[in-house]
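Number of protein chains: 2
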Amino acid sequence: MAKQPFIPPFGKEVKLSDYSTREAEPAGRDKGKKEIEELRLELEELHELIVADGRFPILVLLQAPDAGGKDGTIRSVFDEVDPLGVNSVGFKAPNDEELAHDYLWRIHRQMPGKGHVTIFNRSHYEDVLVVRVRNLAPKERWKKRYDHINNFERMLTDEGMVIIKFFLHISKDEQRERLQERIDNPKKQWKFRAGDLEDRALWEDYQAAYEEMLERCNTEYAPWHIIPADRNWYRDLMVGRIIRDRLNELGLRYPPPEPGVAGRTVV
Amino acid sequence: MAKQPFIPPFGKEVKLSDYSTREAEPAGRDKGKKEIEELRLELEELHELIVADGRFPILVLLQAPDAGGKDGTIRSVFDEVDPLGVNSVGFKAPNDEELAHDYLWRIHRQMPGKGHVTIFNRSHYEDVLVVRVRNLAPKERWKKRYDHINNFERMLTDEGMVIIKFFLHISKDEQRERLQERIDNPKKQWKFRAGDLEDRALWEDYQAAYEEMLERCNTEYAPWHIIPADRNWYRDLMVGRIIRDRLNELGLRYPPPEPGVAGRTVV
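Note that the protein sequences, when read in sequence, are chains P and A. Take the first sequence: its letter number 154 is residue 154 in this note's numbering, and every next letter is one higher. Here this note's numbering runs 1000 ahead of the position in the second sequence, where the first position is 1.
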């Protein structure tokens, strides 16, 4: 796998304060927006090829702080892709049946089959994020999960899955602005939950939990990408490029016709 | 976990020829059959307690050569248990949707939740048995699965599952007799498949695959039990005892009543 930008060095400590939340070239906005248009069409074609090729299950996984832009990224990047062929799954607080099973049970069920693309809007990583910060399970329990998750993702990739993981990295100031906008804008008020402010008060705890996740579950077979996400256009551009480049590495191809089909005349 | 009989030493090579396929005390048949009757009633009560206790998912897993007695064991040992509370799942050749996913996908979906007992009649171990012997996947692929399976079972047990695994060990002669009986007995002919003879011709290959499975996937958290299975009564007795003893180690208890319930008079 070619080294990608935004992948932290493997096996090294991750300090989010070392990673920018802003675009590298502020002047590039108009050019960037134009490139996103082209990227969407490229991804539409690549998606058709994934379906035809039929060999790879593709998982795109997004984690971010509240108001980090997960929904917006998915809407923008997959704007042109056939919605019938892409499945987006949001993981909320587990229900009673899910809680009766191990935390990977509901995740595994939703995994894509060969030739399918699934987008995880939150994921099994919540079980080392909110579960940790909010003390929903004892440390004895969640501290074993980093290894579980690496082993799970290794099995999935050994068996052929392509896993592309994004952490949308926003600043604390940017989150404040976005939450305020949700409160002030009547069309966005429905997105605001009182719990968002409780989680915001735990910002530092969440950053520490993200850092451990980005450090311990960053692997050659399923690396994390830390995306500067204060600016939507830049975030979408980087996510789109990374997905396109990763899919282009797979050697996707339209399968050959069945024997005797090529050249045949339909009468 | 207390050391159980029939568990091979951890991390050591397993040679099936070192393990008897026969009962230890041939004279004990009548006594044994009586004990099985009592065991069934004990297991019925233990099962009620598992449901009431509601903390543990219980998985009983059976692997065996053809005609090894998996169905018979389940019928006998769980004879008295409330059939509504026990789920038996047989894994046959995977269908198209299952084949589009990793081999643990269909397995994970069927795992018991807390307070439930599930019996696996065959399992994910087929993916290092028939898949290996019949070359259904390249060695590069299946050789990684021993580690996958250990990691998977570790995650499940870390999250609270109790896994009890049995290999029903029969001799090649005993299999011949049982397959012949299936051919000769009109009421058993339906159980006979032509593939059984093909698999029998591969007996040595299967024994080698069982040995590697019993060696590499025999762990403190999910040990294998090698059960002498040429005699049904002895097999059932050993399996029943092991399940009972393991469940008795869990400290199962009826949950206390809600506050204010005890001593209250219903008017």
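To be clear, the hints were calculated from the coordinates, so they are not data collected in a lab. Incorrect hints may have been included.
Computed far set for chain A versus chain P, every beta-carbon distance over 10 Å [claimed, not checked]:
#	residue
1	1057
2	1100
3	1105
4	1115
5	1152
6	1161
Here are the simulated PhoX-like pairs of lysine-lysine, each with C-alpha atoms no more than 25 Å apart in a straight line [stated by the list, open to error]:
#	chain 1	residue 1	chain 2	residue 2
7	P	92	A	1114
8	A	1092	P	144
9	P	114	A	1114
10	P	15	P	114
Short derived list, chain A residues pointing at chain P, Cβ under 8 Å [claimed, not checked]:
#	residue
11	1113
12	1153
13	1155
Built from N, CA and C at the ideal position, the CB exists for glycine as well.
Verification of the supplied hints:
1. Residue-level check failed: residue 1057 of chain A sits 7 Å from the nearest beta carbon of chain P, not beyond 10 Å.
2. Taking the minimum C-beta to C-beta distance to chain P, about 3 Å, the non-interface status of residue 1100 of chain A is violated against the 10 Å cut.
3. With a least beta-carbon separation of about 6 Å from chain P, residue 1105 of chain A fails to lie farther than 10 Å from that chain, contradicting its non-interface assignment.
4. At the 10 Å boundary, the C-beta of residue 1115 of chain A falls inside the reach of chain P, the nearest C-beta of that chain being 7 Å off.
5. A beta-carbon of chain P is positioned within 10 Å of the beta-carbon of residue 1152 of chain A; the least distance is around 7 Å.
6. Distance to chain P contradicts residue 1161 of chain A as a non-interface residue, since its nearest Cβ pair spans about 7 Å, not more than 10 Å.
7. Distance check on the hinted pair: residue 92 of chain P and residue 1114 of chain A sit about 20 Å apart at the alpha-carbon level, within 25 Å; holds.
8. Taking the CA atoms of residue 1092 of chain A and residue 144 of chain P, the gap is about 33 Å. The hint is violated against a cut of 25 Å.
9. For the given pair, residue 114 of chain P sits about 31 Å from residue 1114 of chain A by alpha-carbon distance, which is inconsistent with the 25 Å threshold.
10. Distance restraint check for residue 15 of chain P and residue 114 of chain P: the Cα-Cα separation of roughly 36 Å exceeds the 25 Å cut-off, and the hinted pair is therefore not satisfied.
11. The closest approach between the C-beta of residue 1113 of chain A and any C-beta of chain P is roughly 3 Å, which is under the 8 Å cut-off, so the hint is satisfied.
12. With a cut of 8 Å, the hint placing residue 1153 of chain A at the interface with chain P is violated, because the nearest CB-to-CB distance is about 11 Å.
13. Of the supplied interface hints, the one on residue 1155 of chain A holds, with its beta-carbon coming within about 4 Å of a beta-carbon of chain P, less than 8 Å.
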